[in-house]
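K.L.:
All chains should be built: construct the whole structure from the sequences, respecting the hints.
Listed below are the residues making up each chain.
Protein chains: 2
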Amino acid sequence: MFTGLSAFPLTPMNEQGVDEGAFTRLVEQLVAAKVDSIGALGSTGSYAYLSRIERSRVTQLAVEAAGNVPVMVSIGSLRTRDVLLLAEDAQKAGVKALLLPPVSYQKLSAEDVFSLYETVTANISVPLCVYDNPGTTHFEFTDELHGRIARLPNVHSIKIPGVPEAPDQARARVDRLRALIPEHVTIGVSGDAFAATGLNAGCEVWYSVIGGLFPKTALAITRAALSGNAEEAARLSESLKPLWALFTQFGGSLRVVATAAELRGFTHSPSLPLPLRAISGSGRQQIAAAIDELELS
Amino acid sequence: MFTGLSAFPLTPMNEQGVDEGAFTRLVEQLVAAKVDSIGALGSTGSYAYLSRIERSRVTQLAVEAAGNVPVMVSIGSLRTRDVLLLAEDAQKAGVKALLLPPVSYQKLSAEDVFSLYETVTANISVPLCVYDNPGTTHFEFTDELHGRIARLPNVHSIKIPGVPEAPDQARARVDRLRALIPEHVTIGVSGDAFAATGLNAGCEVWYSVIGGLFPKTALAITRAALSGNAEEAARLSESLKPLWALFTQFGGSLRVVATAAELRGFTHSPSLPLPLRAISGSGRQQIAAAIDELELS
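Chains as they are written, first to last, in full-length UniProt numbering: chain Y, 1 to 297; chain B, 1 to 297.
These are calculated hints, taken from the structure and not from any lab test.
Since we're looking at a predicted model, the values are computed, not measured.
Pairs count within a copy or across copies, as identical chains cannot be separated in the list.
List time: in silico DSS-like cross-link candidates among lysine-lysine, alpha-carbon distance up to 30 Å: (1) K34 to K96; (2) K216 to K107; (3) K216 to K96; (4) K34 to K241; (5) K107 to K241; (6) K216 to K34; (7) K241 to K216; (8) K34 to K92.
P.N.:
Listed below in structure tokens is the structure:
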């Protein structure tokens with residue numbers, strides 16, 4: 001399941017709880033579009049803002065709605081104890097894989113993080129994807145540490161945070177990591193603006209935010225790149241530049257995608273957990289104009 | 001309660017739970033030393049690693065053991081919803097104040113953070129201290145934002161993360177913030193290495209990590225500074241330089257203080273929640289040597 005397009009849906013919610021209907025419809029839309037896998041409760045799915053019970057419930061909904069499409073969920077939490085409980089819940093709910101970010105409050109050392117993955121991988125029975133996202137976890141992996149963790153049992157993929165913009169540098173970055181990890185471990189690009197470059201540089205999978213809301217748009221880029229049509233993938237990604245610019249302008253993809261989901265009527269407004277909020281005012285109009293013009297679907 | 005020495009004890013714990021006996025003894029020791037207030041469940045008290053039920057229980061233990069010494073606890077959480085619940089729990093348990101850090105996973109904007117404080121301060125009945133700690137929350141306050149938040153009802157103190165090393169620069173930094181906040185709001189220094197400089201520069205309170213384990217040592221510095229004996233405060237702080245160096249060497253104060261607590265027999269080992277760990281090996285011997293030589297108490 002760690003190849004192709006892995007689509008990360010939002011978990012629409014408000015202060016009263018998760019909007020289960022809207023979440024289920026988002027997942028069904030991904031299934032209809034034939035994404036390769038679904039990454040529920042990723043950072044885009046606001047896993048960090050939900051209780052254990054809520055995460056278990058959302059996982060069950062995702063697995064039910066996904067049918068034959070494999071579901072992965074994040075089991076990230078500050079404590080190893082809680083990560084193990086979340087892994088248990090997720091496996092009971094029938095996920096096909098687990099996604100583990102080294103979430104931090106106190107700064108973590110490389111040894112802390114290695115021990116976390118060592119403990120968790122020894123206690124699970126489904127594949128695990130290493131979630132490298134310094135923007136939210138505030139932990140910076142070295143390639144050497146990735147190499148050590150990738151040799152642990154059950155590790156099957158690494159979700160990296162983007163690649164350099166220049167194709168040759170992107171290729172060099174992916175090759176450098178590839179040389180340090182076993183053959184059965186795939187490398188997945190995240191940071192949607194980098195996806196085409198990453199896939200063209202040899203990443204096997206795109207862990208995709210826009211894929212969770214606009215799966216056809218994301219699938220077109222993925223299929224082009226993975227069938228060897230690097231130019232077409234780059235062209236399609238280039239055509240979405242106004243969207244990537246909005247991600248930068250609004251401090252990341254989440255608020256933009258949540259705003260887009262609200263504007264398109266996929267979710268009610270608000271859809272994010274306070275203190276997070278979607279974009280309002282003129283920024284919201286900017287997003288509305290962009291998603292219409294780009295014909296995202 | 002927002003003046004003098006506010007001592008932040010560890011919450012000793014392991015994978016099975018909180019060591020309630022050890023925690024209570026730490027609090028009793030602070031009462032015996034006559035600290036001015038107790039900041040239970042601060043970052044040093046690992047609040048972020050505990051469940052709501054555990055936090056409520058530790059708060060009750062702190063209030064019971066503290067007697068007449070006022071207790072403040074952190075109500076930090078990623079979601080506004082959970083912060084409000086934690087505030088309710090803490091007030092029911094009898095705390096005299098609440099400490100609120102803007103904890104983040106997704107990056108927060110100044111408006112998100114202002115709204116968080118606006119909502120929380122409108123829903124509490126005890127004073128609140130604003131917890132500015134970018135090292136753990138990854139949110140950077142501007143002084144302008146501090147000024148806006150300090151004018152909200154129930155805000156009575158701001159815990160700032162250190163001051164510049166040079167006394168005149170420290171004074172300028174404290175004066176700049178002071179000019180933007182109401183008179184009834186005190187400024188408290190944290191980052192133990194900066195405490196003497198901060199108090200000498202006009203901070204009214206030291207939110208202290210070592211005060212939670214070695215209250216007499218911290219009280220001597222506090223009393224000297226607040227009675228106008230700036231030189232003596234600086235001299236006492238200077239004599240602890242090997243300890244400040246260990247905080248830097250081991251990426252912050254928590255692991256060093258937890259190691260010291262284990263070494264002195266205040267807590268069992270391990271005392272931190274995995275994946276956090278105290279210092280082992282030669283680093284542990286270094287810490288043992290330092291705390292003996294410095295005669296911390």
